Amino acid sequence: MKSFDVVQVRKDFPILQEKVNGKPLIYFDNGASSQKPQRVIDRVSAYYEHEHSNVHRGVHFLSNQATLAYEAARARIAAFLNASSPQEIIFTKGTTDAINTVAFSFGETMHPGDEILITGMEHHSNIVPWQMLCERRGCILKVLPVLENGTLDISKLDHLLSEKTKLVSVVHVSNSLGTVNPVKEIIVKAHGMGAKVLLDAAQSVQHLPVDVQNLDCDFLAFGGHKIFAPTGIGVLYGKKELMESLPPYQGGGDMIEHVTFEKTTYNTLPLKFEAGTPNICGVLALAEAIDYLSSIDPLGAFRHEKELGSYLRDSMREIPKIRFIGEAPDTCSTLSFLIGDLHPFDVGTLLDQQGIAVRTGHHCTQPLMEQFKIPGTVRASLAFYNTREEIDEFVKALQRSIQILS
Amino acid sequence: MRKSINELQDEVINEFAIFEDWMDKYEYLIDLGKELPLIDEAKKSEDRLIHGCQSRVWVDAQISDGMLVFTADSEAIITKGIISLLIRILSNQTPENIVKSELYFIGKIGLQEHLSPTRANGLTGMINRLKSEALKQLTP
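Heads up: the protein sequence lines correspond to chains A and B, in order.
Position one of the first sequence corresponds to residue 1 (my numbering), numbered consecutively onward.
Position one of the second sequence corresponds to residue 1001 (my numbering), numbered consecutively onward.
Worth flagging that the hints you see were computed from the coordinates, not collected in a lab.
Computed from a predicted model, the values in this text were never measured in an experiment.
Be careful, since some hints might not be right.
Simulated pairs of lysine-lysine, DSS-like, Cα-Cα distance not exceeding 25 Å [as the list claims (entries may be wrong)]:
1) A:Lys-321 with B:Lys-1034
2) A:Lys-321 with A:Lys-373
3) A:Lys-184 with A:Lys-306
4) A:Lys-373 with B:Lys-1044
5) A:Lys-23 with A:Lys-11
6) B:Lys-1108 with A:Lys-23
7) A:Lys-240 with A:Lys-189
8) B:Lys-1043 with A:Lys-396
9) A:Lys-166 with A:Lys-189
10) A:Lys-239 with A:Lys-184
11) A:Lys-142 with A:Lys-184
12) A:Lys-263 with A:Lys-164
13) B:Lys-1025 with A:Lys-19
14) A:Lys-156 with A:Lys-184
15) B:Lys-1108 with A:Lys-19
16) A:Lys-373 with B:Lys-1108
17) A:Lys-166 with A:Lys-142
18) A:Lys-189 with A:Lys-142
19) B:Lys-1136 with B:Lys-1025
20) B:Lys-1100 with B:Lys-1025
21) A:Lys-240 with A:Lys-166
22) A:Lys-23 with B:Lys-1025
23) B:Lys-1003 with B:Lys-1044
24) A:Lys-189 with A:Lys-239
Which chain B residues stay away from chain A? Per the calculated CB distances, all over 10 Å, these [to be verified]:
25) Ile-1018
26) Phe-1019
27) Glu-1027
28) Ser-1132
For glycine and all other residues, C-beta sits at the position ideal for the given N, C-alpha and C.
Chain A extracted, bound-state conformation:
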């Protein structure tokens, strides 16, 4: 494998050649969704041009081919996460769908008074499914607080964990602050109390190596579109024994063993959790995206991102009245900020005029924004295909925006 080379890698992403408002696109909205390399785009076309057919039940050539490719992709993703078996990989629509699967299926094993522990920096997708579960089954939602610097108040963990805690669901890397959470420590403590742990890895698998056996998490969720694959495909990892013990989430085709009007028996893992015709093309494209990531020296890419993140933070310090939201010692290349009393919408709008894509608003973390007493932030979230030159342009564009708005 060649060592990471950002100039080469940029050539793999056709969209990076686009212009926006007459300026070369600077795409700093990777936290919302990342761009797709040519290989992934080609994989989608090749599938529909040569391979498309429904999986699992066909006797004909194309269906067998599609099934083989689909299951090979599952094995590829199991290897990517270092899962002990491909059966532990369930394909979903995305991170949200994966979390909802756990909220329903694991939720069915919960009783009134049982507790679920989340943190104060969760995405709405890791808050609302638990609130719905609490309403359904009389469970209680507890929240581990966030400190001023954007890290978790781990000192409160022992106090919040008890034998009533059945599940801890925590974000690995915060989408709005970039904070990398000490999930291993949380997992060890949660297991000590007999609780299971779900990791929301939507913002981590594309930025750092994630090994589910090493972390020992019980469930892990991530979406394809943030890791250079298409939208509409995601993954739920679940430990085999645990997943076998849970009831299915949705009923329909593929997830059954035998159906009569009196009683239906369910399929074994992983198909038990994959009702209906799956997103076959999305699955193949996700495996392709992971193959692509492996081919560009991922550790080199992650190092490059980390350096870019520090460079961005350092460059921004020179801007008068800058306020970083979240200053955790360990962050991914995501930076949330405010400038004086300028509204994020105004800043984002003027950056867009200059060809720069950032995200503004509450980033689907309204409780966190409320804690910091802010309407939202401007968020620059980087990927390995970003460069120092783009950061320099970004800072210039930001200064120009401030000038117009002041």
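The hints should help you fit chain B onto chain A, whose structure is shown.
Chain B alone, transformed into the frame defined by chain A:
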């Protein structure tokens, strides 16, 4: 003689036609925001808030001599400019004329990428609110 909604729209289109550079257009939009007839602080209530905008926008409507008069405010400067443009065109008009107005100026001032009604700027929400306030006057 009070100018009609379309006369006012044409006026705005002509004003924006002077600027070639996007920066000048935005600076002008921001200046227009400063001319916005501001809503009373006491009226910044939940029911006067327009949902769907990234920044909060409040609008109040009062009928005076058969004309509907709007006041508003927003936390974001650009949003303030946008609502100011809408109010300049639609305020002090009869509810009938406001309801049946077609706002064609949006596509003609060179900010369409930003003022397209699909964006988070809440333009759709603002237009709907102004028109629904007018419609309220027409429905007993």
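Hint-by-hint comparison with the structure:
1. Among the hinted pairs, A:Lys-321 with B:Lys-1034 is consistent with the structure: their alpha-carbon atoms are about 23 Å apart, no more than 25 Å.
2. Between the alpha carbons of A:Lys-321 and A:Lys-373 the distance comes to roughly 17 Å, so the proposed pair stays at or under 25 Å and holds.
3. As the CA atoms of A:Lys-184 and A:Lys-306 are separated by approximately 21 Å, the hinted pair is consistent with the 25 Å bound.
4. For a cut-off of 25 Å, the pair hint linking A:Lys-373 to B:Lys-1044 stands: about 19 Å separates their Cα positions.
5. The hinted pair formed by A:Lys-23 and A:Lys-11 meets the criterion: a straight-line CA distance of about 18 Å does not exceed 25 Å.
6. At roughly 22 Å between alpha-carbon atoms, B:Lys-1108 and A:Lys-23 fall within 25 Å of each other, so this suggested pair holds.
7. Taken as a hint, the A:Lys-240 and A:Lys-189 pair is honoured in the structure, with Cα atoms around 21 Å apart against an allowance of 25 Å.
8. Simply put, B:Lys-1043 and A:Lys-396 have alpha-carbon atoms about 39 Å apart, too far for the 25 Å limit, and the pair is violated.
9. About 13 Å separates the Cα atoms of A:Lys-166 and A:Lys-189, which keeps this hinted pair within 25 Å; it holds.
10. Our distance criterion of 25 Å between C-alpha atoms is met by A:Lys-239 and A:Lys-184, whose separation comes to about 16 Å.
11. Between A:Lys-142 and A:Lys-184, the direct Cα distance comes to roughly 19 Å. Compliance with the 25 Å bound is thereby established for this hinted pair.
12. Straight-line distance between C-alpha atoms of A:Lys-263 and A:Lys-164 comes to about 34 Å, which puts the hinted pair past the 25 Å bound.
13. Taken as a hint, the B:Lys-1025 and A:Lys-19 pair is honoured in the structure, with Cα atoms around 20 Å apart against an allowance of 25 Å.
14. Pair hint A:Lys-156 plus A:Lys-184 holds up; C-alpha atoms about 16 Å apart against a cutoff of 25 Å.
15. At roughly 22 Å between alpha-carbon atoms, B:Lys-1108 and A:Lys-19 fall within 25 Å of each other, so this suggested pair holds.
16. Using a Cα cut-off of 25 Å, the hinted pair A:Lys-373 and B:Lys-1108 is violated, with the two alpha carbons roughly 38 Å apart.
17. Proximity of A:Lys-166 to A:Lys-142 is assessed by CA-CA distance (about 11 Å); at most 25 Å being required, the pair is judged to hold.
18. The straight-line distance between the Cα atoms of A:Lys-189 and A:Lys-142 is roughly 16 Å, inside the 25 Å bound, and the hint therefore holds.
19. Under the criterion of a C-alpha separation no larger than 25 Å, the hint pairing B:Lys-1136 with B:Lys-1025 is inconsistent with the structure, at around 34 Å.
20. Distance restraint check for B:Lys-1100 and B:Lys-1025: the Cα-Cα separation of roughly 28 Å exceeds the 25 Å cut-off, and the hinted pair is therefore not satisfied.
21. About 18 Å separates the Cα atoms of A:Lys-240 and A:Lys-166, which keeps this hinted pair within 25 Å; it holds.
22. A threshold of 25 Å between alpha carbons decides the hint, and for A:Lys-23 with B:Lys-1025 the separation of about 17 Å falls inside it, so the pair holds.
23. For the suggested pair B:Lys-1003 and B:Lys-1044, the alpha carbons sit about 29 Å apart, so the restraint of at most 25 Å is broken.
24. About 18 Å separates the Cα atoms of A:Lys-189 and A:Lys-239, which keeps this hinted pair within 25 Å; it holds.
25. Once the 10 Å rule is applied to beta carbons, B:Ile-1018 is consistent with being away from chain A; the minimum gap is 17 Å.
26. With a minimum CB-CB distance of about 13 Å to chain A, B:Phe-1019 clears the 10 Å threshold, and the non-interface call stands.
27. At roughly 6 Å from the closest C-beta of chain A, the C-beta of B:Glu-1027 falls inside 10 Å, breaking its exclusion from the interface.
28. Here B:Ser-1132 stays apart from chain A, with its beta-carbon at least about 23 Å from theirs, past the 10 Å limit.
When held up to the earlier numbered hints, the structure conflicts with 8, 12, 16, 19, 20, 23, 27 and fits the remainder.
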